[in-house]
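Listed in order, the protein sequences are those of chains Z and V. The first sequence begins at 1 in full-length UniProt numbering and counts up one residue at a time. The second sequence begins at 1 in full-length UniProt numbering and counts up one residue at a time.
Take the hints with a grain of salt, since some may be wrong.
With a straight-line cut-off of 30 Å between C-alpha atoms, the simulated DSSO-like cross-links for lysine-lysine are [said to hold, decoys possible]:
| no. | chain 1 | residue 1 | chain 2 | residue 2 |
| --- | --- | --- | --- | --- |
| 1 | Z | 119 | V | 358 |
| 2 | V | 125 | Z | 80 |
| 3 | Z | 91 | V | 235 |
| 4 | V | 358 | Z | 60 |
| 5 | V | 235 | Z | 165 |
| 6 | Z | 80 | V | 229 |
| 7 | Z | 91 | V | 386 |
| 8 | V | 384 | Z | 119 |
| 9 | Z | 146 | V | 433 |
| 10 | V | 92 | Z | 80 |
| 11 | V | 280 | Z | 119 |
| 12 | Z | 80 | V | 45 |
| 13 | Z | 60 | V | 384 |
| 14 | V | 433 | Z | 80 |
| 15 | Z | 91 | V | 358 |
| 16 | Z | 91 | V | 280 |
Just so you know, these hints were derived from the structure itself, not from any lab.
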Amino acid sequence: MIKLFSLKQQKKDGESTPRTGNQKKASAAQLRITKDINELNLPKTCNTEFPDPDDLLTFKLVICPDEGFYKNGRFVFSFKVGPSYPHEPPKVKCETQVYHPNIDQQGNVCLNILREDWKPVLTINSVVYGLQYLFLEPNPDDPLNKEAAEVLTSNRRVFEQNVQKAIRGGYVGGIYFDRCLK
Amino acid sequence: MEECKESSQKKWTHLRKVLERPGPFSHPEFEPSPDILDFILSTCKILIVGAGGLGCELLKDLAMMGFKHIHIIDMDTIDLSNLNRQFLFRLKDVGFSKAEVAADFVNKRIQGCQVVPHCCMIQEKNPQFYRQFHVIACGLDSISARRWINGMLVSLLEYDENDVLDQSSIIPLVDGGTEGFKGNARVILPGMTACVECTLDLYPPQVTYPLCTIANTPRLPEHCVEYVKMVQWSKENPFGVPLDGDDAQHLTWVHEKASERANQFNIQGVTFRLVQGVVKNIIPAVASTNAVIAGVCATEVFKLATSCCTPLNNFMVFNDIDGIYTYTYEAEKKENCTVCSNIPHPVTIEDPSKMKLKDLIQFLCENPKFQMKNPGLTTNIDGKSKTLYIPTIDVIEARTRPNLSKTLLELGLSDGQQIIVADTTTPTSVILKLVYSISDIEMKT
Ligand SMILES: [Zn+2]
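Okay, chain Z solo, but in the shape it has when bound (with noise of 0.2 Å):
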């Protein structure tokens, strides 16, 4: 058994200061953020800014896929890590106006890792991967961008047009969409 204090002391108020002040306690997010961006693996068609290389918890990915349906795009997407994480996802926007069935014209990214399916244990990279995996297999079934969808269901070589002509700035569907050619 332990005993955890004697009878009758009074536990210390106030005196002694610590060593260490409660300003300089690293929190779990920090501790996790250090280790993740520390370990950061990018594939090649991946890259990183940081605006501010002091506040790792705010920062950009920028993708430009070699190969696929969005080969020759430049698509960024910001990351904001909250103070709950891991125990919460990073929360992910598409700052680039892209043709996409799991993009809206919002910057949501539906992305099953960045809501219902995320976990502690999962990453940083995790979410990278999960969104260069977007770009080379953009999944109809789960559409937020629905003409998309439909398009990429119906014919390949359709929405492979609209892509592309999306990429180089132009109207598809209605919608104009900014030039984002690499």
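Got chain Z sorted already, so can you dock chain V with the ligand onto it with the hints?
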């Protein structure tokens, strides 16, 4: 006339039966003594975190049990909807601080009780505040608040030079949680048993629905509300500000739009209450579950404070949806828990005005205890995070490279500073604690 000693009062007869003689359930090493009751009545200091459904119950239970020195902390004010179960509050109290009203109620009702309220966020209190308590009991509904308290208590632990834990630095945490008819109670001895972070997987993350379902194939009224919250609000931005779950105008707008969407997809059941529940992430609260869990927690606080009986080991789940089910098991301490297994490694620095960051990195790579390969280092200065050096990301490497040839003092690192070090050789980040041989003051003079 001689004043009657409080512990001899008749109302404590039942406690004395447990504390002044051994019983079949007491630990073999338990030493019965009248001093224990005195300790409860006059010395033992308890902190209750949260003055909501569980907190009201906990405060009442502990105060009636004889604990006199109780602090209670909660930043919230009383809402009309709290009154059905947070029984220390009355209609006239709506809008006032939960902690203050609860403390006031108990101080008036229970003679000699000195409840001290704190109407603020737990993060506003410093380590010295938390250090003064013998036991801390939590009745919270947020995982992030639990993680914060847990991290705070782990940071108060003291270790000797052989990394042996000083048991007198342990402040036990008794944590209760409820959700509808389900609840749990657990005892955490920081540094010794599983902590909140060790068992993070036990807390289910917020209910989330696949984004594509919300966008295209909604089936539940919740899907419609989520759609308005996630997509429509940012698209139409009706009030020019982020959605605020406490703003009735905002909720009305969401209710209206969610109803339109529900009609479109023939979904029933989008009510204002549901909208409020989804937007604010409200978990249903049942008074009886709170009472059961608080009762278990208060008993554990009593056991820990008196040592009269071995505490719960260490996780109890309770469920009375269909009959009554309870189960207790030992949640295991994680060998590589980022919080409680992460004992800061003291690193003695002879002269921080001479030692450069690259020397520290070289030390981490060459020292037999660390043998790191390519460490990345961050820290906190004045409450702000600072990246000292990250070798693996080109953009950060280039920006932090100048730090390598700066001394620890030039980098603003002080005695006792914690440095977070990530390296492929360890499963989680490691914490270093700089120990300066010469103190800051000596160096300045
Ligand atoms: Zn732990």
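Hints and how they fare:
Taking the CA atoms of residue 119 of chain Z and residue 358 of chain V, the gap is about 36 Å. The hint is violated against a cut of 30 Å. As the CA atoms of residue 125 of chain V and residue 80 of chain Z are separated by approximately 27 Å, the hinted pair is consistent with the 30 Å bound. Proximity of residue 91 of chain Z to residue 235 of chain V is assessed by CA-CA distance (about 18 Å); at most 30 Å being required, the pair is judged to hold. With a C-alpha separation of about 28 Å, the suggested pair residue 358 of chain V and residue 60 of chain Z falls inside the 30 Å cut-off, and the hint holds.
At most 30 Å may separate the alpha-carbon atoms for a hinted pair to count; residue 235 of chain V and residue 165 of chain Z meet this at roughly 25 Å. Annotation: proposed proximity of residue 80 of chain Z to residue 229 of chain V holds, straight-line Cα distance about 19 Å (limit 30 Å). Between the alpha carbons of residue 91 of chain Z and residue 386 of chain V the distance comes to roughly 22 Å, so the proposed pair stays at or under 30 Å and holds. About 27 Å separates the Cα atoms of residue 384 of chain V and residue 119 of chain Z, which keeps this hinted pair within 30 Å; it holds.
Restraint check for residue 146 of chain Z and residue 433 of chain V: not satisfied, since their Cα atoms lie roughly 54 Å apart, outside the 30 Å limit. Restraint check for residue 92 of chain V and residue 80 of chain Z: not satisfied, since their Cα atoms lie roughly 42 Å apart, outside the 30 Å limit. For a cut-off of 30 Å, the pair hint linking residue 280 of chain V to residue 119 of chain Z stands: about 23 Å separates their Cα positions. Proximity of residue 80 of chain Z to residue 45 of chain V is assessed by CA-CA distance (about 40 Å); at most 30 Å being required, the pair is judged violated.
Restraint check for residue 60 of chain Z and residue 384 of chain V: satisfied, since their Cα atoms lie roughly 20 Å apart, inside the 30 Å limit. Between residue 433 of chain V and residue 80 of chain Z the CA atoms are separated by roughly 28 Å; this keeps the pair inside 30 Å, and the hint holds. Proposed proximity of residue 91 of chain Z and residue 358 of chain V is contradicted: the alpha carbons are some 34 Å apart, above 30 Å. For a cut-off of 30 Å, the pair hint linking residue 91 of chain Z to residue 280 of chain V stands: about 18 Å separates their Cα positions.
In summary, the structure is inconsistent with hints 1, 9, 10, 12 and 15 from the numbered list given earlier, while agreeing with the others.
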